[in-house]
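J.: For this one, chain A is given, so just place chain B on it according to the hints.
Chains A and B, in that order, are what the protein sequence lines are.
Start counting the first sequence at 1; every next residue gets the next number (UniProt numbering).
Start counting the second sequence at 1; every next residue gets the next number (UniProt numbering).
Take these hints with a grain of salt, some might be off.
Treat identical chains as interchangeable: a pair holds within one or across any two.
[To be verified] Calculated lysine-lysine pairs in the DSS-like style (CA-CA distance at most 25 angstroms, straight line):
#1 Lys339 x Lys168
#2 Lys131 x Lys346
#3 Lys256 x Lys197
#4 Lys307 x Lys373
Honestly, the hints are just simulated from the structure, not real lab data.
2 protein chains.
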Amino acid sequence: MIVAIGGIDGYIGWALALHLAVRGHKVVGIDNFITRKRVEEVGSWSATPILTMQERIKAAKEVLGVDIQFVEGDLVNYSVVRSFFEKYKPDAFVHLAEQRSAPYSMIDVYHAVETQTQNIASSLNIVYAMKEVSPHTHLVKMGTMGEYGTPNIDIPEGFFEVEYHGRKDYLPFPRMASSWYHWSKVHDSGNMMFANKIWGLKISDVMQGVVYGTRTNEIVDERLHTRFDFDEVWGTALNRFCVQTVLGLPMTVYGKGGQTRGFISLTDSVQCLRLIIENPPDKGEYRVFNQFDEPYSVLELAQKVYKVGKEMGFEPAIAHVPNPRVEAESHYYNPEHEKLKALGFKRTRELEEELRNMLRDLSRYKNRLEAKKDVIFPRTDWRRARNPVR
Amino acid sequence: MIVAIGGIDGYIGWALALHLAVRGHKVVGIDNFITRKRVEEVGSWSATPILTMQERIKAAKEVLGVDIQFVEGDLVNYSVVRSFFEKYKPDAFVHLAEQRSAPYSMIDVYHAVETQTQNIASSLNIVYAMKEVSPHTHLVKMGTMGEYGTPNIDIPEGFFEVEYHGRKDYLPFPRMASSWYHWSKVHDSGNMMFANKIWGLKISDVMQGVVYGTRTNEIVDERLHTRFDFDEVWGTALNRFCVQTVLGLPMTVYGKGGQTRGFISLTDSVQCLRLIIENPPDKGEYRVFNQFDEPYSVLELAQKVYKVGKEMGFEPAIAHVPNPRVEAESHYYNPEHEKLKALGFKRTRELEEELRNMLRDLSRYKNRLEAKKDVIFPRTDWRRARNPVR
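Same shape as in the complex, but just chain A:
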């Protein structure tokens, strides 16, 4: 298949490109390198050193023997998107090119508006381009489990049967996101559902859990590393805990740490995406996947890192810091996630084994972590946005 990856330079994008290319798919990526710039903006960098795209593609060829094509471009520009679809007419387009940080979206009004308007514009551009020049393309749009929030009932995969006042309907599950970023994904989901309804486009909407890990089966050489963020804006909880442990810093658990989320390793995330791509929806179908492996509370994760870290000779510690976010710190959480299993998904990475790999990889780049020690602690507060400076 011809698979296009929007955001191929990113954490999941690059790992997915390697995975699909090795599986024999023809991969073409597009990126505007904005995440590199935005991470620099907050004074941070990737824990793993990453090559330029040119060098990455060369390394993929030399190490794995695969050819990856690349176009530099911004999906917020419709003519770029349309030309891209016109030229490649991909069988699948995986949209990983959105601003993906909740704290970034909460910095101030400008970051809130930028996140929502750019994320929405890119998805609208993609569905319009598909409709106009490539209606056979299967769009794999990345959403997040965070769209659902933490309701006090089970979370279905996108839709559920509702009974109200004695009548029934099958409707989208209510969304209750918890940052402007997460809301941008909710907005996207609504838009994608509508694009499917009016034009019959094939769309898979992926509600992904938190992804962790430094490796996949294809990242077998330092030159093939994908980025790995650990600062308070761009890093996720588990990645940050590993970095803190390597640095001998206490893991910063926000509040009580009872916040429970679905997690999945990077290896299994790209496995799931491949399964979705290789098993496209029927013509005219819009389907939603809850893509995560196991739910854990933040505190449980810290305890796992503690255990593995201790075994490896680190001196881990857990600290509870004031929660900068607005979220329930203890709640019911039971999202369904059967559809990917039905496509053949099987967990290939155990959490503790993956934590061991991460701690080992990160130790190798301890100097890079040391250099950016001061950007790990939370500064972006959900309640008090910084004064806008623009």
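T.: Chain B alone, transformed into the frame defined by chain A:
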């Protein structure tokens, strides 16, 4: 009270300004006159001749003895919004300043992106400005009944109790909108709910039905007319039917005409908004109103116009034209609308009486309607967006 009106130059905005000013409120409006420009863009104009804002304010003073203040500005620009709130610190801000046409949003990708990004940006700017410089302000945000779509179950006012797999929660009702414009309102609603959650802002979210009519109790002089659109992009079904009847054209019912929506007269719309403003939410409260009077199917409305038109000596006719929209043409529709009644809302206009007024008013401007005859028939098709020209 000090009441600010975003979009004061618009159909509801101007009518509301007059109504509130006569009730003794201090009214300050903001507008960038974009609707005037956008209506010109499609080759149309208001059926009722409308004055410039300066002349309008002068006429309001002379005819009604009220003072209305005005600022020209664009709510998409954060510094404009912040300065406005800093200067006026209104008790209520009514946000009527969004792009409000479904067909406009469906023209092509540029109109889709423009509608969604600008509507979202203006609302985000407003809640950020409130949080930063005017947290006591009560935001009255205009949504639309169209956010809910036409589910096969009753529609509550915003939230409902859900039971799923034996557990219960009180959640936002699922939204299923039917144009990029309607989806922009859904996105706004999510954002407003979240702004309330993180900052405790007082917000009333108004799911308004389709508004019709040329008059309110305050529009007693030709100089005080509010705008009245009738073209395929900016006019609504009922307004258009009246114009078609005055012109001796058949009323264009889209498809079978079984599409049922909630309707409310302009007079009663501004009555409802006043009740919402004069009865603000509690501190930290987010509340949703379904603001309409009665549901009618499009065909029923055409039949009403037929009856009244006949009585008045017109020669009305009903034509079924292919439906350019993607919507169910016969469906269950039972939205709840009790909360405004609890605040004291009473219907003051009967539909047939209001239709008589409209047909009389429009007859007076028949020349203006004749001149724009060719922009009434639908050209914007939900399934086939025009080729983008930008």
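J.: State the violated hints by number, sorted upward, taking the hints as numbered earlier in the document.
T.: Result: hint 2 breaks, nothing else.
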